[in-house]
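Take the sequences, apply the hints, and build the full model.
2 protein chains.
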Amino acid sequence: MKMLINSPETVVADALRGLAAAHPDLDVDPEARVVVRKGASEGGRVGLVSGGGSGHEPLHGGFVGPGMLSAACPGEVFTSPVPDQVLRAAKAVDSGQGVLFIVKNYTGDVLNFDMAAELAEEDGIRVQRVLVDDDVAVTDSLYTAGRRGTGATLFVEKIAGAAAEEGAPLEQVAAVAERVNKASRSFGVALSACTTPAKGSPTFDLPDGELELGIGIHGEPGRERRPMMSAREIAEFAVGAVLDDLANVAPADGPVLALVNGMGATPLLELYGFHAEVARVLADRGVPVARTLVGNYVTSLDMAGCSVTLCRADDELLRLWDAPVQTPALRWGR
Amino acid sequence: MKMLINSPETVVADALRGLAAAHPDLDVDPEARVVVRKGASEGGRVGLVSGGGSGHEPLHGGFVGPGMLSAACPGEVFTSPVPDQVLRAAKAVDSGQGVLFIVKNYTGDVLNFDMAAELAEEDGIRVQRVLVDDDVAVTDSLYTAGRRGTGATLFVEKIAGAAAEEGAPLEQVAAVAERVNKASRSFGVALSACTTPAKGSPTFDLPDGELELGIGIHGEPGRERRPMMSAREIAEFAVGAVLDDLANVAPADGPVLALVNGMGATPLLELYGFHAEVARVLADRGVPVARTLVGNYVTSLDMAGCSVTLCRADDELLRLWDAPVQTPALRWGR
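Residue numbers (full-length UniProt numbering), protein chains in the order written: chain A, 1 to 334; chain B, 1 to 334.
Calculated directly from the structure, the hints in this document are not laboratory data.
In this text, all values refer to a predicted model and were calculated from it rather than measured experimentally.
Keep in mind that the hints are not guaranteed to be accurate.
Estimated spans, in silico, between C-beta atoms of each pair [what the hints assert, rightly or not]:
# : chain 1 : residue 1 : chain 2 : residue 2 : range
1 : B       : Pro-207   : A       : Ser-230   : 30 to 36 Å
2 : B       : Ala-198   : A       : Ser-95    : 55 to 61 Å
3 : A       : Pro-169   : B       : Gly-240   : 49 to 55 Å
Away from chain A, derived, C-beta distances all over 10 Å, residues of chain B [stated by the list, open to error]:
# : residue
4 : Ile-125
5 : Thr-203
6 : Gly-254
7 : Arg-331
Using N, Cα and C, we set each Cβ at its ideal position, and we do this for glycine too.
If you want it as structure tokens, here you go:
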């Protein structure tokens with residue numbers, strides 16, 4: 001498997017050097033592996049720290065900046081960041097208003113962020129945590145007790161980031177983050193496996209002519225394998241799974257935020273064609289779509305495939321979604 | 001080869017339906033295959049029309065909107081739009097101030113845009129044309145007399161779009177577009193071939209353990225094949241090729257705009273790592289970088305690989321680059 005890298009050992013540090021070079025408005029420490037919004041601790045705002053294994057870019061480093069994350073801690077590829085890294089990020093962003101940890105529900109991430117929270121609190125930093133667990137495909141997956149955290153992470157980071165930017169206190173930022181997670185559901189599909197730099201060959205075997213419904217962003221097993229389906233059939237399955245689950249929890253009406261996300265290697269031409277089918281299914285089911293993002297946002301290295309994330313959004317969530325954001329991967333308003 | 005599509009025949013129309021659903025601020029006609037900025041003909045501005053074969057998304061449809069293109073005409077995958085399509089776009093955007101056609105230098109595109117220009121002029125629309133031919137890899141390629149047009153198209157569309165948005169007259173918009181093209185050079189590298197939906201198998205054969213230096217965005221042959229190289233070696237080769245050529249034409253000092261572009265299937269993690277090496281080579285050669293874009297902007301379906309585009313930018317070009325833009329794929333300011 002050919003890769004555009006120097007060596008498997010330096011992949012994460014090299015990417016952080018590149019991030020630093022491309023975005024001088026970020027403080028990037030490729031050695032300590034922390035990406036910080038410049039001046040994060042000076043604004044008197046609540047700090048937002050997220051992170052997780054690398055390989056899901058632009059998540060999380062690409063979402064650091066005004067209106068979104070204060071800092072991100074990338075671990076090795078598909079490996080949790082260590083507590084020291086998270087602690088360093090918390091210290092770098094705390095302005096005395098406290099810090100919210102946004103954690104995708106994988107056992108290693110949960111443990112290490114919790115340990116970092118204890119250390120930070122010993123240092124006098126108030127910490128709250130929101131756990132993102134939006135993936136309806138399966139429970140108790142390969143690295144997860146309960147549901148996996150995937151695409152909703154972007155919604156949580158954007159909307160909580162807007163609340164923090166407005167000066168909301170820690171409890172309120174944590175509450176809105178929690179609310180976004182509770183109102184969001186995701187479902188992913190793999191057309192191919194991904195290849196980690198360290199392994200150099202596909203992380204699982206997906207035969208020609210088959211796809212996997214309910215895949216995790218590290219290639220964790222989904223619900224089932226089937227003979228290859230059309231974009232229309234995939235959209236019906238994925239959106240159906242998301243809406244069925246969403247009906248059990250959130251108010252059954254109102255508009256949604258929609259993320260039609262590429263896993264990394266699926267061309268944008270295909271993603272937009274897929275979105276046409278997602279939009280059709282939503283229209284057929286009477287679900288109004290308030291905002292849409294189509295593109296590669298929560299990826300799985302070079303996996304081909306896609307995921308759908310929907311968030312039932314009230315006026316307040318929509319207002320915070322629309323608020324200005326200035327990060328490498330998400331940027332609008334000023 | 002598995003794809004996230006309904007059928008090879010409907011790929012382009014399906015993607016346009018998806019574009020329409022995701023971006024209600026665009027007028028998309030999936031049948032006529034024209035993407036138009038809403039109200040394009042009402043602003044009293046020069047119209048900017050581009051287009052070309054599909055398969056390079058977000059180019060061009062993703063660059064339609066305030067501050068950039070007025071309309072885009074996507075052809076079939078890797079196939080020129082037809083003159084009627086381009087004419088329809090010209091009519092949709094002309095406000096009496098004339099229209100600039102931005103054409104990548106491929107024989108079919110040149111012929112069909114020229115034919116559309118004749119038809120438009122018969123209808124009383126003033127048309128000027130800029131030909132983008134930035135790719136230094138080879139001359140007289142598979143579909144091209146002279147040099148191929150690739151990544152500089154983004155620079156031309158953004159900067160000319162900003163000039164048009166400011167109300168510059170047609171001759172001036174055309175002149176700045178020409179100036180950007182003359183100041184820009186690109187070089188692309190393939191780690192894998194791409195697969196068109198119609199063919200369903202890779203368009204060329206690139207053995208394991210080899211890469212192709214100087215690849216075209218339709219898989220046209222480059223300069224040479226070599227055993228796989230590191231990101232550092234590839235950056236040295238690609239940036240070297242670009243700078244060597246740029247030295248012959250533009251002022252030999254001053255900052256550059258840099259586009260480090262993914263061909264479609266290369267993870268962003270790798271692209272940023274590659275950019276670290278690009279930035280290092282530029283620093284070593286004493287070339288200051290004024291602005292950087294890293295991501296998938298001018299793609300080749302599911303090809304793995306990358307390209308580097310540099311544009312020598314004076315203060316005027318930088319000012320126009322920084323001007324607000326609101327398109328699906330490029331968005332900043334307001």
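Unsatisfied constraints (hint numbers, rising)
7
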